[in-house]
Structure formats: structure tokens, C-alpha cells
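With our numbering applied, the sequence shown corresponds to residues 69 to 194, in that order.
Simulated from the structure, these hints should not be mistaken for lab results. Possibly wrong hints are sitting among the right ones.
As the list claims (entries may be wrong) - Pair by pair, the computed Cβ-Cβ distance ranges are: (1) Asn187 / Asp115: 17 to 25 Å; (2) Thr71 / Gly133: 37 to 45 Å; (3) Asp126 / Ser70: 29 to 37 Å; (4) Pro149 / Thr190: 15 to 23 Å; (5) Arg130 / Asn72: 32 to 40 Å; (6) Ser70 / Gly180: 35 to 43 Å; (7) Asn93 / Glu135: 16 to 24 Å.
All C-beta atoms, glycine included, are put in the ideal place defined by N, C-alpha and C.
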Amino acid sequence: MSTNIDTVLASFQERWSPRILTRVNDYEVRLAKVEGSFVWHSHPDTDELFVVLDGSLDIHLRESGTEMLVHLERHDVFVVPRGIEHCPESPDGASVMLLEPTGTLSTGDYEGDIPDHINSTTGIQV
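Model the full assembly from the supplied sequences, consistent with the hints where possible.
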């Protein structure tokens, strides 16, 4: 069964609420619309692949007290290594594709209160 990326992106408006586009072995390909800031978090057991489909995305990284910024534009790809604390943000909004193991919580190991504009989820089935 084929699925169209544009059709799935047009089917929702919520920000920071990833949809599961498809599954590949033990991984999910997720689509999300993002705007504003996410929360600082990490995924201790897995890398996280970001592909910017439209707009731009900044990924703030923090490791051993050092912060770094990765700026991504349309069609740029970046992998956040497992265990690295990161905080994605997009002041003007973006559409992104993510690749993560099935069941990975979007907010990773974050333990604080989840802001209202973020859906802490393992993905929403299309």
C-alpha cells in the first residue's frame, strides 16, 4: 500500500504531534509539523533522524555542558546521536520526517511538565 507524504501532511494541523507514515522493520517513518520550541530531551537507546521537508529547523544540542546549534533547511538531513540532549525549534514552522524505532516516545527522557503545544506520543497512526 502506498502513502503520499503531502496527503498525510494535509490531513492534520497540530504541531509537535507526529503521524506514523509507514513502518520499516522495527522502525517508524513519522511526519510532523513543528513551530516554536520543543523540550530538551534525549533518547538514551536510539539515534534520531530528522529530514526537513519544508521550512527550516534548528536543533540545539547539549553534551557535557557544551551547547551547539545545527541549522537545517529544506531537504537537509541530520542525525541526533543516541543519548545527546537536544531541543528542536522552528520559529517560522517546518514539516519534518523522522525515523525512529517503533514505540519511541517523542519527548524521550524528558520528565517535566509537557507544554500544551506538544503531544508526547509514540506516534499517531495515519
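Here is what the structure says about each hint:
| no. | hint | result |
| --- | --- | --- |
| 1 | Asn187 / Asp115: 17 to 25 Å | holds, 22 Å |
| 2 | Thr71 / Gly133: 37 to 45 Å | holds, 42 Å |
| 3 | Asp126 / Ser70: 29 to 37 Å | holds, 32 Å |
| 4 | Pro149 / Thr190: 15 to 23 Å | holds, 21 Å |
| 5 | Arg130 / Asn72: 32 to 40 Å | holds, 36 Å |
| 6 | Ser70 / Gly180: 35 to 43 Å | holds, 39 Å |
| 7 | Asn93 / Glu135: 16 to 24 Å | violated, 34 Å |
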